[in-house]
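> Sequence:
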Amino acid sequence: MDETQKGNETTEQTSFDVEAAPVEAAETPYTNDTDFESAPLGALDDNQETTEDADTNARETCAAGYDADEEQTAGDIDAVPAGAADPQDADTEPESAQAPLMPAFLTREEYEQVGDDPDPLPEGFEVIDGGMSDDPLIEIASYAPQQHVHAPGAMPGAAPAPQTAPYGAPARAQPPLSPDAPNAQGAPEQAQKDPQTPEANGPGAAQAVGAFITEGVGAVRQVSAAKRAHASAREELEQLEQTILEQQDELAHRRDIEERYSQIIEEESARQNQAILNIAQAKAAQDSIRAAVDALKEKLAAVREADAQTEKRLKAAVDAAEGKEASSRESGTRLQRRLDDAKKSLEKAETEREVAIDTAQRAIDTAAARLATLREEFAEVQRNPSANSAAYSVRSNELQLEISDAAEELRQAQHALPVITEEVERNLATARAMVEEAKKPIDAAKRAHREVTNEADEARDALDTANNAAAERQRELRDQIAAQEKAIKEQDRLIAGEQAEADDAQAVMDEANDIHAHPEITEALEADLERNRAERAEQASEVQELADAERDVRQRTHDSRVRFMGAIGIGAAIVLALIVLAWFIFG
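Take 1 as the starting number for the sequence shown in the UniProt record's numbering and just add one per residue.
Keep in mind that the hints were calculated from the coordinates and are not lab data. There may be inaccurate statements among the hints.
What the hints assert, rightly or not - Derived DSBU-like pairs (lysine-lysine); straight-line CA-CA distance at most 35 Å:
id: 1; residue 1: Lys344; residue 2: Lys439
id: 2; residue 1: Lys440; residue 2: Lys324
id: 3; residue 1: Lys348; residue 2: Lys489
id: 4; residue 1: Lys486; residue 2: Lys297
id: 5; residue 1: Lys299; residue 2: Lys283
id: 6; residue 1: Lys297; residue 2: Lys283
id: 7; residue 1: Lys283; residue 2: Lys348
id: 8; residue 1: Lys297; residue 2: Lys315
id: 9; residue 1: Lys315; residue 2: Lys446
id: 10; residue 1: Lys440; residue 2: Lys283
id: 11; residue 1: Lys489; residue 2: Lys299
id: 12; residue 1: Lys343; residue 2: Lys324
id: 13; residue 1: Lys324; residue 2: Lys227
id: 14; residue 1: Lys486; residue 2: Lys299
id: 15; residue 1: Lys343; residue 2: Lys440
id: 16; residue 1: Lys312; residue 2: Lys297
Please model the entire structure based on the sequences and the hints provided.
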């Protein structure tokens, strides 16, 4: 069963009575803008190319894909989506319908070769002037998807409207309506006749907005494509000019070498021979300098060995002198300590003498004073005898005994004084003798210590002098060796420079021989240069044409681009104003 029969069966179940709601269908606004924007571009192009009659409405455009045997029911079937057109119509599309309205270098094929199209377009789509035909309403009408027009609420007795097939689905034939129903084309025609209905005003506004956007985008793309083509051609011209300059320099160089070939070979050979001779002389001088350096190094080693032996001998002498000096210093220290002890003993003896004599004298004075006191008291008692004879007698006897004891004590103290004086004087004399004995070796020890110290100082001075002289001799030898090694390095640099000179001369001769042996390369280079010059002239002409074309495109699309950019700016300003307003209201 074919699709037409399936459509007839479906229509028998849900017939659509156009007569039931003519006014509602006419008043239904064109609101399915999203279907128009989301429709595939290929389907829109197919509908545009297959629509040849500008007065045919959207329903006839959608039905244009049916076979010829179904044309008798075209007025009775319902509309189908724009993408449901027969793909065979697009295959049989005339070539004149696809011809671009602009120069060939701005077509899709041109900027596909450039390779920097940010948003590739579907196959067959071309950027033309504004993207519109002479009659923008007809072209936009061919792009717009068709909608079913029926009343929002069905009138009594009206059957529900059949669902529209999605875009890209094959079209289904609908069964014919009843003979009493008017032609389905009557509703759109009535809407076109009545300019006050939303069906007439709505699509017109959408078409105007779509035409404006398409025109602006197309103008921007035209300018971008022209600019890219001009820049690419100019870059190729600059590269070609750089190549020509390099080839001119190379050709002039080869011709100059060819003309002066004999002179170049003679001059460079002489330069190379002189460099080789200089290298040989430098190497001979270098060998002589190396021999001198070896001799100086051997001398330096011998001097170091002799200086080491001298230093060792002088260090031994210094060590011996310092040992004697230390021993003499220690001996002098002992003698000085002995003298100090003798002096301390003398001071102690003197102190003891004074203390002993003073003590003995005080004992005599004390005993004499006591004896005198007792005698005075006894005399007083004798002058004034007491009435009590017994007490007087007792006291008198006591005083006599005490006077006798005191006299004995005084006698003993007076006898002890010369003994003590003699003893302390003897001790003092002994201490003084010890001091004098201790002083005797001090002077001799000091003289001996001075002699040993002088010997040690002389040994140290001799060692320092020998070390300084050895350092000076070794430094002079090292300086001589460093100067000779510097001369060797200078000869190395001279040899390297002369070798580079010889290599450069050989390279020049090799290049001259190669150019002289291959004149065909020079001829080929000259021919290539002539071709590049001719190509440069053609490329310069093409660049000028592209510049003129870019200027023409900019002038031709200036108003469209200004309007488009202005609209974008106004839209952005409106959005920003709404954001600011919302922020003030809700913030």
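> It remains to establish, for every hint, whether it holds in the given structure.
Going down the list of hints, with the structure as the test:
Pair hint lysine 344 plus lysine 439 holds up; C-alpha atoms about 13 Å apart against a cutoff of 35 Å. Between the alpha carbons of lysine 440 and lysine 324 the distance comes to roughly 22 Å, so the proposed pair stays at or under 35 Å and holds. Between the alpha carbons of lysine 348 and lysine 489 the distance comes to roughly 85 Å, so the proposed pair goes past 35 Å and is violated. Taking the CA atoms of lysine 486 and lysine 297, the gap is near 15 Å; set against the 35 Å cutoff, the hint holds.
For the given pair, lysine 299 sits about 24 Å from lysine 283 by alpha-carbon distance, which is consistent with the 35 Å threshold. With a CA separation close to 21 Å, the supplied pair lysine 297 and lysine 283 stays within the 35 Å bound. Distance hint between lysine 283 and lysine 348 is unfulfilled; the C-alpha atoms sit about 94 Å from each other, more than 35 Å. Taken as a hint, the lysine 297 and lysine 315 pair is honoured in the structure, with Cα atoms around 26 Å apart against an allowance of 35 Å.
The straight-line distance between the Cα atoms of lysine 315 and lysine 446 is roughly 26 Å, inside the 35 Å bound, and the hint therefore holds. The straight-line distance between the Cα atoms of lysine 440 and lysine 283 is roughly 81 Å, outside the 35 Å bound, and the hint therefore fails. A threshold of 35 Å between alpha carbons decides the hint, and for lysine 489 with lysine 299 the separation of about 22 Å falls inside it, so the pair holds. Restraint check for lysine 343 and lysine 324: the C-alpha separation of about 28 Å stays at or below 35 Å, so the hint holds.
Distance check on the hinted pair: lysine 324 and lysine 227 sit about 107 Å apart at the alpha-carbon level, beyond 35 Å; violated. Distance check on the hinted pair: lysine 486 and lysine 299 sit about 19 Å apart at the alpha-carbon level, within 35 Å; holds. This hinted pair checks out: lysine 343 and lysine 440 have alpha carbons roughly 13 Å apart, not beyond 35 Å. Straight-line distance between C-alpha atoms of lysine 312 and lysine 297 comes to about 22 Å, which keeps the hinted pair within the 35 Å bound.
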